[in-house]
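Protein chains in written order, with numbering that gives the first Met the number 0: chain A, 0 to 260; chain B, 0 to 260; chain C, 0 to 260; chain D, 0 to 260.
The reader is advised that the hints may include incorrect statements.
Same chains, same label: a pair holds when it works inside one copy or across any pair of copies.
[Claimed, not checked] Only pairs whose alpha carbons sit at most 16 Å apart, straight line, appear in this in silico EDC-like list of lysine to aspartate or glutamate:
1. LYS17 x ASP2
2. LYS205 x GLU233
3. LYS17 x ASP181
4. LYS208 x GLU233
5. LYS28 x ASP40
6. LYS220 x ASP15
7. LYS188 x ASP15
8. LYS215 x ASP181
9. LYS235 x ASP2
10. LYS188 x ASP258
Honestly, the hints are just simulated from the structure, not real lab data.
Computed from a predicted model, the values in this text were never measured in an experiment.
Here is what each chain is made of, one letter per residue.
There are 4 protein chains.
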Amino acid sequence: MQDRIQDGSHIFIFLDGKRNWIRKVVAGKEFHSNKGIIKYDDIIGRPFGIRIESHSGTVFQIHRPSQTDIQIAMGRNTQIVYPKDAGTILVEAGISAGMRVVESGTGSGALTSILSRAVGPSGQIFTYEIREDMFNGARKNLEKYGLTENITMHHQDILEGIKEEDIDAVVLDLATPWELTDEAHRVLKPSRYIASYSPTIEQTMKTCKALGESGKWGMIKTLEVLEREIMVRENKTRPTTWMVAHTGYLTFARTMVVDDE
Amino acid sequence: MQDRIQDGSHIFIFLDGKRNWIRKVVAGKEFHSNKGIIKYDDIIGRPFGIRIESHSGTVFQIHRPSQTDIQIAMGRNTQIVYPKDAGTILVEAGISAGMRVVESGTGSGALTSILSRAVGPSGQIFTYEIREDMFNGARKNLEKYGLTENITMHHQDILEGIKEEDIDAVVLDLATPWELTDEAHRVLKPSRYIASYSPTIEQTMKTCKALGESGKWGMIKTLEVLEREIMVRENKTRPTTWMVAHTGYLTFARTMVVDDE
Amino acid sequence: MQDRIQDGSHIFIFLDGKRNWIRKVVAGKEFHSNKGIIKYDDIIGRPFGIRIESHSGTVFQIHRPSQTDIQIAMGRNTQIVYPKDAGTILVEAGISAGMRVVESGTGSGALTSILSRAVGPSGQIFTYEIREDMFNGARKNLEKYGLTENITMHHQDILEGIKEEDIDAVVLDLATPWELTDEAHRVLKPSRYIASYSPTIEQTMKTCKALGESGKWGMIKTLEVLEREIMVRENKTRPTTWMVAHTGYLTFARTMVVDDE
Amino acid sequence: MQDRIQDGSHIFIFLDGKRNWIRKVVAGKEFHSNKGIIKYDDIIGRPFGIRIESHSGTVFQIHRPSQTDIQIAMGRNTQIVYPKDAGTILVEAGISAGMRVVESGTGSGALTSILSRAVGPSGQIFTYEIREDMFNGARKNLEKYGLTENITMHHQDILEGIKEEDIDAVVLDLATPWELTDEAHRVLKPSRYIASYSPTIEQTMKTCKALGESGKWGMIKTLEVLEREIMVRENKTRPTTWMVAHTGYLTFARTMVVDDE
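Start from the sequences and build out the full structure, keeping to the hints where you can.
Below, the structure written as structure tokens:
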């Protein structure tokens, strides 16, 4: 019965790309929006994946919150790592079940939650956040969605050092990633990936320079991933007029063993 | 000692983006390229992540093959699903540890291998391929890299029906995906994702039409993901001159429960 | 003294990409914005290209209106043809001094003004607009900026026929361009260009089909032009977060002589 | 009869996007390609815009060379400014009939020819090229297509100074454009444009810095223009697989009058 909505379930209420919400179902209470009211009692016991009409006649979809739904909900009002970027990090850095991954900063926890699901119960995420407000916000976010099982949160400046070793991937979304490349190399197993996300080209240039000059990294490359939505409507098919043109540059490199004697 | 190269290990030999190879190490044998020869005996026992000079003086990097390395190696000479697309499918469709995923066609097995790693040992991939040559090629590829543990391969036309039920995601790379949308809905749990990859806009239009007209799907959307490589070189930083401008359109939709009585 | 601001001059008042205006200077009057007031008497007699402080301390730039400034001002509140598209039309269709060009629809007159300047005093633009409100609006726009010299405006449905002959280029921004391709061929000189702008892929497909099946056109091709703005700021250089991701598809073809006996 | 092919005409022979040639028709001679031979005598007297079959059965199109055809032919084997970039320069910098434009370097002459046609017989292009081989090559190119009428060519380093004054636009494709911004300002009329094309982001950053710090320029902006070709084929419509992902960054700025007393 896991796919039935229950008292206490998180639900994703969807109207369109801009009007959607994640809410916790509470028996006897209601969801309010300017498109009408939904009584939670009317949906408890029904399956996820239903359409429901509000009292004022608008039809909403009710879904089980997906990874992307949660990520977007977490990221509201903060800078988020988009699915296109998160997905490219997962595949390019080979992050998968059972891995031990270091992340910094935690930020909203949105990327943390994606990494957490990617490594699964047999893996582990170690995430560092220096700012107290961010740290607390992310903890609240992750607890809310029950995602803390395989996540270790450090309220700490990662530049002071990484506490873990034998790491499979290091994922950075830092203002000065070039200051952490040596430390990342120290804790990573050989032939493993660092992935660094930076909004500006200057950050990217400094990071690539630090990686390259150290001699400790191979296969250094920088990608920019762009996503366009195509509106497929009969006789009106076209890309959306506006798109997010830039989120950040993704730099990847792989640990080399400099001295293996 | 898992990170030491052994007799029988697969290694990724890297020179640059175009010249790289996955090879199986065999004691007493050699790797040959037009940039020189590497004796496998010279690297057995050393760690992954080393640089090694060929007899003619070219320096190669030796890595443990990553998911992307394997995917690219598998895809040589066939059409592949790129990391940018595979990653977006993983994140948008929420594919993660423990899930049961149906895929068709198997093709080279490259996307199959990414899905396999994403769902991990506790998940399962069911992949359908109608063409015998592709089926055998993919089986050989997947066996070669030891990826068959959680993969069930069907040499069968998926349009004749999906054998499994209670599926968490259906991933399609078919010539006529619109013929499979009803069947996909039948086997998917509620509020789960279909992800369909098509190179042409006409395929995409037909798929969206089939999804929309059935009334069985919510949150239908189509994305196109573009990836640019940025050459970060001091005083020469610029995107590469050429890029892959189009691989395919990605259409996502989520199962709605039409009749929940 | 043509570069001095005079009573009656049009000026382009620039604060930033979103806050800029074209105004006519009137002695004794003032320009009002929520960033302060500029007295026209304070700038009459001074050169174009000055900075001027409003009474409330904001610094505005005062420029002679350029083609792009005018085009953007004309296009406010209507769909415009962007510089990137207009420029590509000019160069791909080889539109230059002395040419006779047919355009439809006139729309806001923004593209008309660009074509007008491109063909210069020795060329001629013939522009067709079926909608009375658009026709009058465009006429008012073009008269306002003194651009009517080489423009003939028809308040007429171009599908009823083109009145001119011996045309060097036909530029279409129509809902159904495929209905006009034969007529365009009739009036174009041999080996000359049609350029058709359409927002949707279905329009583009029908246009290409009509061009191709007639056998009357060669070198049919469709382009999409994308423009990104790069914010170049020290240590903060990056593309803008949002961009116009799609304006329209540009289809070009060249008249073939089918029967030259 | 200007649209009939004559002995001595330049013709554009088109097979597809990669196989096309500009040739001069010589009575009694032949065009040779690996798709067959065309006797010029067979086309003399016929109109431009015909299809003609070679002796081996391939159908070629014969066109009057357009601006873009010439530009591409000139640019073969050198770096060219693409139509998308050239068109954006024309429209953004407002280059049109009657203007006086300074360009450097001349390069292959391809952009020179576009500028020449844009300003027409009443305008003037002053182009500077330091390298002797480029200078001679461009002169030969421009003479070949009869484009020298309104072009003044200087075999000279533009960094030593611009000889002309009262200029309407300065268009730069230089290795170090930031060294020329003050000189460009000196010769430009007020409220006119500089347009600088640079392949790398470092060049673009230095140019923007020089423009900004001088205080002499307003409305500084940098654009990157991307062009995709869409293959519109029934049931196979899709963007081309590969595209030119980067040519260069275009920086525009407008002269301010710093001291108008």
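Cross-check of the supplied hints:
no. : hint            : in the structure
1   : LYS17 x ASP2    : neither (25 Å within a copy, 47 Å between copies)
2   : LYS205 x GLU233 : between (47 Å within a copy, 10 Å between copies)
3   : LYS17 x ASP181  : neither (41 Å within a copy, 28 Å between copies)
4   : LYS208 x GLU233 : between (49 Å within a copy, 8 Å between copies)
5   : LYS28 x ASP40   : within (7 Å within a copy, 65 Å between copies)
6   : LYS220 x ASP15  : between (36 Å within a copy, 11 Å between copies)
7   : LYS188 x ASP15  : neither (44 Å within a copy, 22 Å between copies)
8   : LYS215 x ASP181 : within (8 Å within a copy, 44 Å between copies)
9   : LYS235 x ASP2   : neither (36 Å within a copy, 40 Å between copies)
10  : LYS188 x ASP258 : within (14 Å within a copy, 52 Å between copies)
The structure fails hints 1, 3, 7 and 9 (numbered hints given earlier, in ascending order).
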